[in-house]
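If you read the sequences in order, they're chains A and B. Taking numbering that gives the first Met the number 0 as reference, the numbering of the first sequence is continuous, increasing by one, and the terminal residue is 480. Taking numbering that gives the first Met the number 0 as reference, the numbering of the second sequence is continuous, increasing by one, and the terminal residue is 393.
Derived from the structure by calculation, the hints contain no laboratory data. There may be inaccurate statements among the hints.
Claimed, not checked - Only some residues are given here: those of chain A computed to face chain B with a beta carbon under 8 Å: (1) S156; (2) I237; (3) Y353; (4) V434.
Note that beta-carbon positions come from the ideal geometry of N, C-alpha and C, so glycine has one too.
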Amino acid sequence: MAASLIKDLQSAIGVKYVLHTPEDLLVYEYDATIERGLPEAVVLPETTAEVAAAIRVAKRHGVPVTARGAGTGLSGGAIPCEGGIVLVTARMDRILKLDAANRLAVVQPGVINLDVSRAAAAHGLYYAPDPSSQKVCSIGGNVAQNAGGPHTLRYGSTVNHVLGLEIVTPDGEVVALGGETLGAPGYDLTGLVVGSEGTLAIVTAVIVRLLPRAPATITLLAVFDEVREASEAVSAIIAAGVLPAALEMIDKKTMRAVEPFVNAGYPPDAGAALLIEVEGLEEETSEEAEAVRSTCEVSGAREIRIGMSPEEREKLWAGRKGALGALGRLAPSYYILDGVVPRTRLPDVLSGVYEACERYGIPVANVFHAGDGNLHPNLMFDDRVPGASERVLELGEEIMRLCVDAGGTITGEHGVGSEKRNYMSWIFSDDDLAVMARVKSAFGADERFNPGKIFPTSKGCGEVSSRMKSAIAKIGPGAYV
Amino acid sequence: MVRQAALLTDLRSIAGAENLRPGSDEFAVDGVTPQAIVRPATVKAAAAVIGHANETRLAVIPIGGKQRGGPGNVPERYDIALDVTALSGVVEYEPDDLTITCGAGMTLAELRKTTAAAGQMVGFDPEIADEATVGGALAADLWGPSRVSLGGPRDFTIGLRVITGDGLITRAGGRVVKNVAGYDLCKLYVGSLGTLAVVTEATFKVQPLPKATRQIAFTAGSAAAACGIASDSLMRGLSLRSAVVTRAEERWRLDIALAGSEAAVERSARELASLAGDGEQETGDSGERPNERPIGVRIAALPSKLPALLEELPVGASFLAYPTLGVVRLRLRDEGELPSLMAMGAIVEDAPPEVKRGIDVFGPEPPALPLMRSIKAQLDPNSVLSPGRFVGRI
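Kindly produce the complete structure, drawing on both the sequences and the hints.
Take a look at the structure:
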């Protein structure tokens, strides 16, 4: 490692905020996934100017830069596959502007997702994208991955709520994209950079749209004997002309795991539950709740609970929100998948998932965004057992195939990262990928920002091979889905 | 003419004689007439036409419903009109998936009819002309006052099939509502005015049609009062589909469209009436006939700054203002007021060629123009597609 790189970074952003000792670097070699990669240096800039300065140093030394938010990513997005510099946005944590009259906020990338809604709450506003990690994940990370969440069904993903960005290009130039007002002329580079996984630019400020809180919200929990009944009810609700704010499914394994911790009152013998939220004016919300209730009944729900007050609703959500933490207690290791299918294919694909897991003898718990057709099978195993990790990865790949064969995609909200880059050719032709690569080179970003991500490659990420395969994340309180 | 004859011969062998015509004013863009009009029957044929243009360095402009010869700068060159209307029809529509895939040549009327039959809709603003095509509406990023509730084309377009400037047929996005695999190139293509790629097929999110709709109008004493009612109704979560503010002499008028369940629309109408206070409830239409004026401009402002901006406009100005979006669309009789409006950040949305020729309709260059130019150079290396029409004469 070049001592001069460290020295130059130190003079760019201060000695205190450049980490380079092995013990300091170790903390930044992982996120919430299976990948590992050790950086040569970690920088923690506080301002846009410092970010630009660090990137210019990186350019001069010819080392790559990988941006990192809160490290909760589920596709290896923040892992420095080829070493270089990890640029941590944690100190860029200020809400620069909250303009309630115009329903927008300008925030630095290190701001925690939920803190935006907290700050806006006094004005009756909130920031809609709500990944399950929203108490700890950062807006910058959300922008990089185009994060979703349970309420994506009605309100869309991160990209639908970002009006503009301030970015630093691979050349270290600061550029404003989009803006606070609508319809800025030119190509929608804001929309392009959102979801580009830190491969095109480093985001240093985000203009987000805020929404007024709905006057009324009703949450329903519908319990079914069979998973198939529950997944068929999902389409039946949509067919009834209701577009819920959220429509989540929790399967038997998940309910059983969660029950001891949250006392949600899930019946131990139930096959699946749907958590459905409707929002709007009181009149409309109660009509929709009634439509959802009767649809679920027709679809075979054996029990339906309705939460009207915030406390009641919170209780119904508790099982969903605590799901992954609880699942973590069932096995030493787990692997979370993220695939999407057209929602009418949900019943068949879900059966296929259970069948495949059965065949592999690997336990699976499903807790996911059913309304979007966005599956999150959680595969549970013990990575200390020789060969177990390989089998889990193999099964994961088979499940991804099921999604793609059903007309779906390989990721709905977690991103491609390094984990799924070799699946990209399942859904995109060589020409499709070539066009994406051309866009990347238009930013001058070739392999300088977050190398090894998104695009298929024969190369591994970081210290791959045996180490990567055995490094599937340990279940812990830091994991969300 | 020799050149034209040679071009027609080439195109005849590529796209078939039955799909080819010599250029005519019907397909003129900003007064520039193409040499040839091709209406390819397949995406492959369309790609071959573009590929040929790329090799021979000719300029192609994709043409849909010819609804808006309006947006964009005067083309630098224009040899081939690529009529996409034969690339039409529904490719796939499964209502319960809440997605539809259709050809770029489909008109918005057909799209509305198809989805309405299943009790659904795509979020294109109801104010966009029925004859507009899907491809044209996407290229021009057409949206109207309903953007506040329905979003814009960038929000509900989830997949595109396009042909790049060097003739590659490629896909962006997919057919599922949630998808973060790779760069979302749909965002680049929507609103690119046919300068990066030609859209041949699009997949949209759909949503249920509202069970009830209603139009109401109020008068108000000031722009601030009219805009305030709209903004309050939004904050209260009323069933607002769109809000438009206009002015007739000294009186301001607010037109609200409501959409939702019967009961929600009923309650929203009631609350709006009380928000409007002594604002008189209007009947009949606003009497605005914007299209009598040949120049259309758009100014975007923060919603909170919109009332002041509206008050500054001359009393006789013809405009539609969208208070919740912070946007005003003005119609002008002549270019006299253009310089002062463009100094305020106005974009010219449509105008006769003689007006366009002297200006850049998009106003000052955006800070990201160098990036935009390099994207153009990557996707359309020989400037085949709609050259000169976009921001910074891209």
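Verification of the supplied hints:
1. With its C-beta approaching chain B no nearer than about 7 Å, S156/A sits inside the 8 Å limit, and its interface hint holds.
2. A distance limit of 8 Å between C-beta atoms decides the matter here; for I237/A the minimum to chain B is near 5 Å, and the interface restraint holds.
3. With a cut of 8 Å, the hint placing Y353/A at the interface with chain B is violated, because the nearest CB-to-CB distance is about 21 Å.
4. A distance limit of 8 Å between C-beta atoms decides the matter here; for V434/A the minimum to chain B is near 5 Å, and the interface restraint holds.
Hint violations for this structure: number 3 only, all remaining hints satisfied.
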